[in-house]
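Novice: Use these hints to put chains B and C onto chain A, whose structure you have.
So the chains spell out like this:
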Amino acid sequence: MKGVASRLGQMVLVLFGISVLVFAVFFATPGSDPSVRIAGRGASPEVIERVRHAYGFDRPLPMRYLTMMDHLFISRNLTSYVNHGQNVVSEVFAAAPVTLSLVLWAALFWVAGALVFGLIGAAFQGEWIDRLVSLLALIGLSIPVFWLGEMVNLVSESRFHDSWLFSWVPPLGYVPFMTSPLGWAKALILPAMTLAVAFIGLYSRVLRTDLLTAMQDDALRTARAKGVGPWRLWFCHALRLSGLSALSLFGLDFAQLLGGGALLIEVVFALPGVGHLTYQGLSTLDLPLIMATVLYAAFFVVIANALIDGLYRLLDPRMGRGSHDG
Amino acid sequence: MKALLQARNVARMYKLGGGAALRAVDGISLNVARGETLALVGESGCGKSTLGRLLMGFDRPDSGEILFDGQNLAKCSAREQRALRSQLQMVFQDSASAFNPRWTIGSALAEPFRIHGRPWSRQSLETLLNRVGLSAAFFDRYPAALSGGQRQRLNIARAIALSPRLIVADEPVSALDVSVQAQIVNLLRHLQAELDLACLFISHDLAVVRQISDRIAVMYLGAIVEEGETLALLAAPSHPYTLALVEAVPQPGKLLGTPLQGDVPSPLSPPTGCRFHTRCPVAQSRCAVDRPELQERPGLRRVACHFPLV
Amino acid sequence: MTGEALLSVSDLRLQHRQAGILLDGVSLTVKRGQILGVVGESGSGKSLTGLSVLGLQPQGQLSGTLRFDGEDLTRFSSRDWRRFRGRRAAMIFQDPMTAFLPVRRIGPQIVEQIRVHTALSHQAARERVVSLLGRMGVPSPEQTAQRFPHELSGGLRQRAMIAMALSCDPELLIADEPTTALDVTVQTQILTLLKEIGAREASVMLITHDMGVVAQSCTDVAVLYAGVVIETGPVAEVLQAPLHPYTKALLRAIPPMTGSRPERLPVIDGVPPSPDTRPVGCVFAPRCPQVTPDCAIRPPMRGEGAHRAACVLVP
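Protein chains in written order, with my numbering: chain A, 1 to 326; chain B, 1001 to 1310; chain C, 2001 to 2315.
Hints are computed from structural coordinates only; laboratory data are not their basis. Among the hints, erroneous ones may be present.
Footprint (simulated), chain C over chain A, 3 or more residues, beta carbon under 8 Å [claimed, not checked]: (1) 210-223; (2) 233-245; (3) 309-317.
Where is the CB? At the ideal position from N, CA and C, for every residue including glycine.
One chain only, chain A, in its complex shape:
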């Protein structure tokens, strides 16, 4: 239980650090003075001054920071500087399920794809099929995701929308699971696949290398000397050994995407997710929105790290506990 407490402390520290950083950077950015923006174009200095006072921008920075944190975490009524009256906290909470759905779907494709391509690459090491897979992975890694997204849209939404292949594709946007599970799935499949492409490229390479390293391991030599067949060898032995390092990478990427890393995909496919909100906040220099989305993202990264650590401990008995007491 000591571990949980220290994790919590660590999380608070991380969130505090990030929020201070975001806050400080925002006010150090030239032209970011929110009073000018709130007052509107061509407002007189008196009006700006009045706005500044009304919003409390004339108070010292630490005070303003504390007020903002109070609005964000305790009274949870932090409002946007740009769209007056818009509550950013509820905004983020409304966007979270969209991102979560997208990333879950993407993770499904990317884990499956990475497993298939990684295993193929490792099993046929050096042969033409390995080289083909490696080339595909490189292409997948280097295609800009927004370009790929636009292409997918172009093909599936307009050019070939009437063909049998793409006639099922719904218009851009999101359908909540509660409204229609089928619609939810349909709306997410293409964005998720697009998002997964680059990750499949990266993970299949990582997994292939790890698998080949694992195959050189003494334990795998033992498995072969036992007479274990190729399927068991790859799946029960090599994958079990090499999956561990890919797992920690996966945890970080997954959390990063949940926190809004899928921004470009959300924008291209018009999904109202957290990434979309972050994009919106950044393009309008809306501090409350930026603060809310960034802290939300940091929260997920810390949580995911803790989860992955726990999983790691579960999968690798050598971690944590003391060794030989026999």
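Specialist: This is chains B and C only, laid out in the frame that chain A set:
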């Protein structure tokens, strides 16, 4: 005879997580005289390497003191320490990782001179190479060009570069093949005689130890159980553990002895009383509660056993 | 004591694309009930010989014959190999810490091997594992089967490894430096166990660098040097009256444990040849004190009876 290196009641404990403590070295006293070779013998986890590090000054003991030439290393000024350090050198087991692969053999040999601000010349380094049986042609080559045995020779050359008075050698020949091992053992003995060099030879291999050492200290779970003159000790061990070690040396023309039961207990929870009593073939009830002290015996022998064999 | 030949290897050669010719004429026989010591220094090809018997040698050109109980191993398909490995011949390795899969418990790893080769139920396999561990001298075998490899001491791990190797009653056990990573007192325990196995359960091929280990635990010995078997024979004969100058020198280089202490240990000058500098003639000729012009041609094994050596000096 005045001791060159003296350890008085040295102890080192490592604190581990969860309140556990590892008594790696538990109150050890020993002497190494000028030009003498003392072998530290024992199985894994007995603390022989930790003791070696303590004696080298790489680690500080929790209690007890270590005197080199009468001076306590821990209490010396930084400058005096440096001067003492040059008289105290170490040779490790893993000769492959002991050298930076991107440095030539010449510059690796010059390093100790550089560190201690001593003058050197190419000629003196080449003489050094010849002294350990390496050709001077290796001077401009890289460690990768050397075989395992040659690398260990280079290691020894680096250790004797500053004409030290004591070498601590931690399993210097265990990674080598028998025929190469014999070469290195011969080299060490030759150098010791030539340079009046004392040596603390840490090893688990009694056959090698018999060949190279004047005296042997046998360690078990952090403490010395028997100490004595090499040939006499190996011919007639007093401690049952020493006897078991001697019996366990596989040699042509000797039958496989009756093995000791069980494994070495974890140093995290050593047995009460005599630490060896759980595996001892002659243990009696007293051994489980009463820890025997290391006691002087006739013939310059020290034994920690209630029922010594000789 | 000696029965029919179980394994016979003759003139085994292995050429690796990068490393060169790793094995250059390995011939040896393991008879039923024998413990054959395969002894040599690092790089002599002793471990490779063991791996080749299971078809686990690194990719390369393999020639020569490998016969196991009349079957030609060089013609095995990968399916044949899978049925052979672990079932008819099993192997244990130097470091039992890394040889087990670190992330699974000991018991299931042994159960896996039993289930790969037999139709035993999970429950029956588990019971067999416990009884095997007990037979190998593992205290409280039920609990030990539930432990992870890192939770056991080196000696217990190696006993568990031997239990796994014997789990399908193989006819041949190949032990590759099984005691090198262990403490000396534990080494004696494992060697005693291997001796019992050799006498009762399976023939053993004990690969080691230590002539002392061979002397104490083997019935027969094959001495390897630079990828070539240079001497074979019953242990007592080879150790008492070695024929090959290399075997003689190797035995002399062992520091004695009794008698007077020599001023200098006898050494063999020079180093063993690497795969690409191996002489065409006798492989030991460049270091041999008794070299003759005849040594320029690789000598065949000669000698009377079971004790033979590849040296021109042997009548």
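Novice: Are there at least three residues in the segment 233-245 of chain A whose beta carbon sits under 8 Å from a beta carbon of chain C?
Specialist: Coverage by chain C holds for the segment 233-245 of chain A (5 residues, Cβ < 8 Å).
Novice: Is the coverage entry for the segment 210-223 of chain A by chain C consistent with the three-residue Cβ rule at 8 Å?
Specialist: holds (count 6)
Novice: Please check whether the segment 309-317 of chain A has three or more residues whose CB lies within less than 8 Å of a CB on chain C.
Specialist: n = 3 at 8 Å, threshold three: holds.
Going through the hint list in order, the structure satisfies each hint without exception.
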